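Student: Following the hints, position chain B against chain A.
Protein chains: 2
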Amino acid sequence: MLLNANSTVSEAALRAMAHMPTRSLPVLVDNSFSQKLTDADLMRIAVLLAQKSADEGGCPIGAVIIDNETRQIVGKGHNTLVQDNHPYNHGETAAIRDAGRIDFSQTTLFTSLSPCDVCATLITMRGFSRVVVGDVTSASGNETMLQEKGVTVDVLEDPQGIALYQQFRSEYPEQELEDWQGVSAVKARLAKRE
Amino acid sequence: MLLNANSTVSEAALRAMAHMPTRSLPVLVDNSFSQKLTDADLMRIAVLLAQKSADEGGCPIGAVIIDNETRQIVGKGHNTLVQDNHPYNHGETAAIRDAGRIDFSQTTLFTSLSPCDVCATLITMRGFSRVVVGDVTSASGNETMLQEKGVTVDVLEDPQGIALYQQFRSEYPEQELEDWQGVSAVKARLAKRE
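Listed in order, the protein sequences are those of chains A and B.
Heads up: the first sequence begins at 1 in full-length UniProt numbering, then just goes up one per residue.
Heads up: the second sequence begins at 1 in full-length UniProt numbering, then just goes up one per residue.
Looking at chain A on its own, in the form it has when it is part of the complex (with noise of 0.2 Å):
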């Protein structure tokens, strides 16, 4: 296996653990590879993905789903707004969709940015135990409510994902309104600049 228990944790390895279709992982990942990431370094590849969505033209959030007794990647993914014309797609949508009908409670998600209110909705619907947040300088407030309802949330901030966000909402900041609150919020704050 090319990433195995004598393998460096490089960018470059983490980078090719973002790029790779999650059924694929086994082919590139041992599970003695797999056992040495860190959370840091998990939130790398959640940020990784968030870096690819970027390069793609769309909105850099990305997410990542492991298994919490292997540490095993059992989703991820990215935002798609502009890249599928896809109206809600974020990270950790992406990232659950990915994983398909399994028992999120024994998993964790990383998230590069604080989730929404949807996301965290769903986060809460579907059981997860953890949820790790890779990002509340540039957004927070559902981090509360997840631990109202019993999810576990550790803060663990990535400075290159936050400033790859920054960036992105100093750049586009059309295309961030509408990926929190749509295209009627778009509109709307155009017709008030008119």
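FYI, nobody ran anything at the bench for these hints, they're computed from the structure.
Owing to the predicted nature of the structure, the values given are computational and were not obtained by experimental measurement.
There may be inaccurate statements among the hints.
It does not matter which identical chain is meant; a pair holds if it fits inside one copy or across any two.
As the list claims (entries may be wrong) - Below, a list of computed lysine to any residue pairs in the SDA-like style, where the Cα atoms sit at most 20 Å apart:
id, residue 1, residue 2
1, Lys-149, Asp-117
2, Lys-187, Arg-130
3, Lys-149, Arg-130
4, Lys-36, Asn-68
5, Lys-36, Val-183
6, Lys-187, Ala-163
Tutor: Same frame as chain A, now just chain B:
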């Protein structure tokens, strides 16, 4: 056009509309026919999408989105938990995804079943002006929240849709529970029984 101003609004016509891909509807339906469709007719299309899902072995919930002015269908779909191994694709999420990046404040969503927390939150975050609910007998609760957020909510029950959902609930109680609360809730229920 097969369906025009002179055509009867029959179950066969509504079923053809339910099954025809949204982008191809203009080859089947003339504007003059769309204008004749009542809210009850559009709800029946949502129910016929629910029937399509049931015929595929899935959860019988469908949804239709129309442009408020033209009354043309701009998005539609049905639950695909089983069909696509999709852990959260309800009727509403399917129809919204089908519509793409449009201004939902100019549209009405018809759903054959009262929306869950995730779908209700998505409806508010995408700025829908109106929602029509076809079954508050089998489930309900988010109608009040939607109204408080400024969404017009009309209840227009379709007996055919209610009967279909009730049959599903009695035949596939675990599938129904998974669709609402995920695999972990099903495991908890089964563990209780042992």
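Student: Hint by hint, which ones does the structure fall short of?
Tutor: 5, 6
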